[in-house]
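With chain A held as given, fit chains B and C onto it using these hints.
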Amino acid sequence: MIGSKVERKEDKKFLTGKGRYTADITLHNQSYAVFIRSPHARAKIKGIDTAKAKKASGVIDVLTGKDLADDKIGGLIAGWKIVSKDGTDMKCPAHPALATDTVNYVGDHVALVIAESLQEAKDAADLVNVDYKVLKAVANTGDAMNAEAIHEGIDKNLCFDWELGDKAKVDEAFSSADKVVEMDIVNNRLVPNAMEPRASIGDYNSSSDELTLYTTSQNPHLSRLVMSAFNALHPEHKFRIVAPDVGGGFGSKIYPYSEDVVIAWAAKRLQRPVKWVCERTESFLSDCHGRDHITKAAVAVKSDGTVTGLKVDTIANLGGYASLFATVTPTYLYGPLVLGLYNIPAAYCNVKAVYTNTAPVDAYRGAGRPEATYLIERIMDKAAKEMGMDRAEFRKKNFIKQFPHQQCLVHNIDSGDYDAHFDKALNLADYAGFEKRKAESAAKGKLRGIGFSTYIEACGIAPSAAVMSLGAGVGLWESAEIRFNPTGNISVFTGTHSHGQGHDTTFAQIVSDKLGVPVENIEIVHGDTDKGPFGMGTYGSRSLAVGGSAISKACDKIVEKGKAVAANMLEAKPEDIEFKDGEFIVPNTNKKKTMGEIAFACYLPGTYGEIKSPLPEGMEPGLKETAFYDPVNFSFPAGSHICEVEIDPTTGETKVDTYTCVDDFGNLINPMIVEGQIHGGLAQGIGQALYENAYYDETGQLVTASYMDYCMPRADNFPEFRIDYTCTPATSNPLGVKGCGEAGAIASPPAVMNAVVDAIGTEVTMPATAEKVWRALKDKKSAQKKAA
Amino acid sequence: MKQFNFHEAKNVKDAVKASSKKSAFLSGGQTLIPSMKLRLSSFDDVINVKNIKDLQGIKVSSKSVTIGAATTHAEVAASKDVKKAIPSLSHLAGMIGDAQVRNKGTLGGSIANNDPSACYPSACIALDATVHTSDRKIEASKFFKGMFETALKKDELVTAVEFKIPESSSYVKIPNPASRYAMVGVYVAKHKKDVICAVTGAQAVVYRCKEIEKELGNNFSSDSLNNLNLDYSEMNSDIHASAEYRASLVLSAAQKAVANCK
Amino acid sequence: MKLSLKVNGKKIEKEVDDNTLLVSFIRENLNLTGTHVGCDTSQCGSCVVHVNGKSVKSCAMFAVDANGSEVTTIEGLEKDGKLHPVQESFKKHHGLQCGYCTPGMVMSSIDLLKSHKNPTEEEIRKGLEGNICRCTGYQNIVASVKGAIGKV
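Protein chains in written order, with this note's numbering: chain A, 1 to 788; chain B, 1 to 262; chain C, 1 to 152.
In case anyone wonders, no lab produced these hints; they're calculated from the structure.
What you are looking at is a predicted structure, and each value in this text was computed from that prediction instead of being measured.
Cβ coordinates follow ideal geometry from the N, Cα and C atoms, glycine included.
Keep in mind that a hint or two might mislead.
With a straight-line cut-off of 20 Å between C-alpha atoms, the simulated DMTMM-like cross-links for lysine to aspartate or glutamate are [to be verified]:
1. 92(C) <-> 520(A)
2. 13(A) <-> 17(C)
3. 22(B) <-> 40(C)
4. 53(B) <-> 231(B)
5. 13(A) <-> 75(C)
6. 37(B) <-> 282(A)
7. 2(B) <-> 520(A)
Among chain A residues calculated to face chain C with C-beta under 7 Å, some are [unchecked claim]:
8. 247
9. 248
10. 680
Same shape as in the complex, but just chain A (with noise of 0.2 Å):
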C-alpha cells in the first residue's frame, strides 16, 4: 500500500453532496448571529447604542465587548514568545474577542446581533449605533515605526526587534567580500481564502453542563485548550470541539477566533444554539492574512562565486494584534531559513516585528519559508547575474554537499542531494533548450525568461525540545490511538486533522501495511475532542512526518502485543514470532495465526470450556495502543523549480509557459495526494508572484475585499505543470517521510519572479501585474534613452 496511488477513501462522500461542514449542521432551536464590525481601521469606541437593535423583531439578544467582560472572558492570545535582541520579552497587546475601547482594523469585531433567523440578524445589525472616534490609522508596514503609537505603552509599534547569527563574523564576511550585492525585497500581503468561509456553532447542555463548539478548525484540541486555559470559557474536560469536515485551510483555520470565543460563549449565555457563518467579505476582512514583509537583504560574493556571507533586515507586518502563531512566523520559521540550501558559513538576521491598523497577520501556507525562499532565491539569482554567472552553475556551486550539515544559524539538515534535484530538473526542463524557445518568443514579439528556485523548507514541525526552547507556549508532537475492535476493523484516532490533504487515504495506507488490515476495514478519525487523544493538529507540514509516525509508532505496539498473544497460543517465544502481511508465524513451522485471529483473541481472555485462554497470564484483554511522536528533529524537504514565462510586451501581461519541479520528500506514501499538494502549493506560489494582493490604502480600507478585486487564481491562469521526484529519506522519523503541504508555496514565488525579471531585464515586485511590467518595461526603455 505504502508509495501506491491508492484513490482517496474519502472522495465519495464529497462528490455526491454528503460532505458535512460547518456551515450544513443545523441544531434544534438554533439562533443564528451576525457580527457588528468596524468600518473603520483605527478609532476609539465612544459609545454603542444597542437599544433599538434589541427591540427589533425576532432580536434575541445584543452583545458587545463589555458583556464580554463582565463574564469575565479573557482576551486572544500570542502563543510564542519571542525575546528582543535587548533580551526584553515582545510587547502583546489586549486582543479582547469583541472590542471595548479601540478598534484597530476594519472588520474588527464589536458587538453580536442574535436573532431567530439570519435575515432578522442582518436586519437589526444595521440598528445597532456604535459612536466611533476615527483616529489616524498606520496602514503601511513600512510606516508603523515612525508613526504614532496604535497601542497604548508599544513604543514604535514595535512587538519585538529579534535577531539570529554571527553579526560580527558576518561583517567580517563583506569586508573580506569581493562583491556585494544588495536587494531590496517585498513580500506582499495575501489572503489565505479557503474556499470554505469560516463558521461557528455554539451548543450549550444545561444538563451536563457541556459545551460543544462546532467550527472550521485545523486543530481542535488546541483550540480547546487556549480557549479553556487563557480565554476562560469553559473547563477543558466539559468543552468540546467538533471540527468536521472543513473546507481547506492554509493556516488560516490554524487558531481560535474571536467568532469562536464569542459564538461559545453566547450559546453558553443564552442555553441556546447560536449560528454564525462568515460572508466572503467578512473572511476577507478578519481571517487572518499571509506574508506582508520588506526586507534589505544583501550577499557577499568571493570571486570565484562563493557566498560567504548574508545579512537580512526584515520588517515583518503583525496586523492589529499579535494572533496565536503571528510571532514565530517572522522569526524561528523564516530567520534560520533564509539561508537556502546553501553552504554560507556566516548569517546575520534582524526581523523587527510592527503592529498596524491591519488584519493580523498569521501563519499562512508556508509561513515564514516562502518570505526566506522568495529572499535568498532572488538575491542569488541577481548575485549570479551582478558576477556574470550562469544562475545554475552559481546555485550549484553554493549548495550544501555533504550531510548531515549543521547551518550557520540553526538547524541541522540530515539529508538531502541537491545537485540531484537539480540536475533532473535542468533537464526535465530543457535548460539547455532555452535560448532557442526564446528566440522563438522573440519572433513572436515576445518575452521570454526563465527562472530558478532552488530550495529547502523545515517541516514537520515538531521536535518539542526544540520549538520549547525557542520560545512555543506547547511542545508539538502528535498522539494516535488505534482501536482494533474484536471483529477486525479499525478505528485509529489522530490529533491531526485533514481539511483536503486525505488525511483518511495516506493513514489508512501506513496501517493497512503495517498491520496488514485492508484499507477498507480502517477508520481514520479526527477532528473531534471528545473522540481521540490529544493532539497539536494540522499545518507545517507535519501531519504525515509527526502524526503518521505517531500512528506508525501505535502500530507497532499493536505488533508487540499480538506477537505476545501469538506467542502464548502458538506455544512459542514471543521473540520467534515473526509478523509478516498480516500474519503472526513461528519460522520454520506452519504455525501462523492472522491478525484478525489475534485481535479477537484479545477480548476473550478467559478460559472456554476446554478452551485456555488465548492471553498469557495477567496480560491485559483488549487490542488498543495509544503513541505519541515527538521526533528529535525537523524534516528538510528541498527541491527545484524551474519557471518559464512569456510576457507580452505591449500589455505587459505574463503567461506562465511551463513550470517544472523536482521535489524530495523523502519516502512517498501515496504519490498522487502528493501531486495534489504540489499542485495547490503551486498554484498559490504563482498567484503569489503574479495576481494575488491584499491592498490596504492608507485611511486602512482594504480595498481587495471581494474577489472582484482581489485575483484568486482561476484554471487558465495555468499551464500543466511537470512533476517529479528524487528521494533521500528523512531519518529523524521512521517512516523517512519529509512533508509536502507547503513545498509548492514556498518555492515558486521566486522561480515566477526570477523569470519575469529574466524576460524583462529589470526589477519588478510581486505580484507582477500586467501594469507593472508595463510600466518596468517603460520605465527601462526611457531609461536607456536618457543613457544614450
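Coordinates of chains B and C only, in the frame set by chain A:
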C-alpha cells in the same frame, strides 16, 4: 436581502404596468441579484421579464441582426446565424462573465444596467445599433448616458437590440484579472461609410475613440495606430489599471482588433 | 409565493419568501447541503446547479424564478448507487481535495462536456472560469474533465 414582491410578467404591457416607484425589471439577474444580496440596492417590486415571449429570439436580415432583450449571452454565442452575420458579436457574447453567467445573463439586462465595464455597450455603439424599448426606438449613440445611466425611463423596458451588419469587425477584451469584467474592451467595426471604434471599461461610460477612428478612417490598418498617444485625462484609474495604462491598453486592443478584422 | 418544481427528479411544492435565493431554498428548505456558498459576489461557483439542464449559479437566482423548472443538484447525479461518469473521473484523477468547491465544479464540468463534446485543454480551462478552487491548482480538475470526455 430585503423583502420584495416578485411579479412574473406575461408580456411587455404587463411588465410595464407592474412597475412601481421602487421596482426593478429582472432579466438574467446576474448583476441585480448580487447587488441586492450585498444590500447595495433594494426594491419593493421585482418584475421578471425573462420569460416574456416577445423578448426572445434572434432575427437576421441582410442588413441587421435583431436580438430579443431576454436572449442569454450563451444563446447569442451559440447562434450560427449571429456567428455568420457578425462573428465578432458572437465572440463578444461568448466572453462575457463565465459559462454560468452566460446561461442566465441577457442582452437587455446588460445594456439597461450599463455597467462601465460591461461588454455589450461597445457592440451597440460600434454596430450602430438601435435599442427597441416598450415605447420607442433609441439610437445607441443616445442610449448610454453615464455610469449605470441610460436614456430609459423608469417604467421603460428594453425589448430588443438591432445591430447593423458591418463589412468587418472585431472585439478585443482585456479582462480585469480579478473580476474578469472588461478592464478595457475595444470594438472596431468597419462599415461601408465609416469606421467606428467603441471602447468600454476605460471611462465612466462606453465611448467612441475619435482619435483612433480618424487614423483608421484614413488607413484601416493596425500600423496606422503605431504612433498614436491617447489622451487619458478622462480614463478610469483603479488598483488594476491606472488611466495611463488603460490608454495604452485601448491602443493595443484596438491594434489587435484591426488586425483581426482582416 | 408557492413554488412548484422538480428537484433531482422529485416533485416539490413549497411556500417560499419571494426574496429567497435558489441556493438558500436548496440548502435550507430542502436540506440538500451539497450545494455550497463560497462567496457573496457570485463568482466562486461553489453553488452551481443545473436548471433545465444548464449550469447556473444558484446564489444569483431567486427560488421563485425556478418555478416550473427541473433542478439538479450534486445529490441528484448518482444513479442506482453508481457515480455519474464525471464524479467517477474526479475520483479517479484526484480532482478534489477539501471537497468544498467540488459540487459546483462537477456540475459546471458536466455542462461543459455537454456543450463541448471534445474540448481542448484550453477550452476546459476557459470553461471552468466561473469556478474557483484553492486546493488543486486546477491540474487534476482539468485531468478529471479530460478523463470524462465522451462519457457524458
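Right, here's what the structure says about each hint:
1. Note on residue 92(C) and residue 520(A): the hinted pairing holds, with a Cα-Cα distance of about 17 Å set against a maximum of 20 Å.
2. The straight-line distance between the Cα atoms of residue 13(A) and residue 17(C) is roughly 31 Å, outside the 20 Å bound, and the hint therefore fails.
3. With a CA separation close to 24 Å, the supplied pair residue 22(B) and residue 40(C) exceeds the 20 Å bound.
4. The hinted pair formed by residue 53(B) and residue 231(B) fails the criterion: a straight-line CA distance of about 45 Å is larger than 20 Å.
5. Of the pairs offered as hints, the one joining residue 13(A) and residue 75(C) holds, with about 10 Å between alpha carbons and a cut-off of 20 Å not exceeded.
6. Only pairs whose Cα atoms come within 20 Å are accepted, and residue 37(B) paired with residue 282(A) is accepted, the gap being roughly 14 Å.
7. Between residue 2(B) and residue 520(A), the direct Cα distance comes to roughly 49 Å. Violation of the 20 Å bound is thereby established for this hinted pair.
8. Given the 7 Å rule on beta carbons, the hint for residue 247(A) holds: about 3 Å separates it from the nearest Cβ of chain C.
9. Using the Cβ-Cβ criterion of 7 Å, the hint placing residue 248(A) at the interface with chain C is satisfied: the shortest such distance is roughly 4 Å.
10. Contact between residue 680(A) and chain C, as hinted, is supported at the beta carbon level, the nearest pair being about 5 Å apart and thus within 7 Å.
Checked against the numbered hints listed earlier, the structure breaks hints 2, 3, 4 and 7; every other hint is satisfied.
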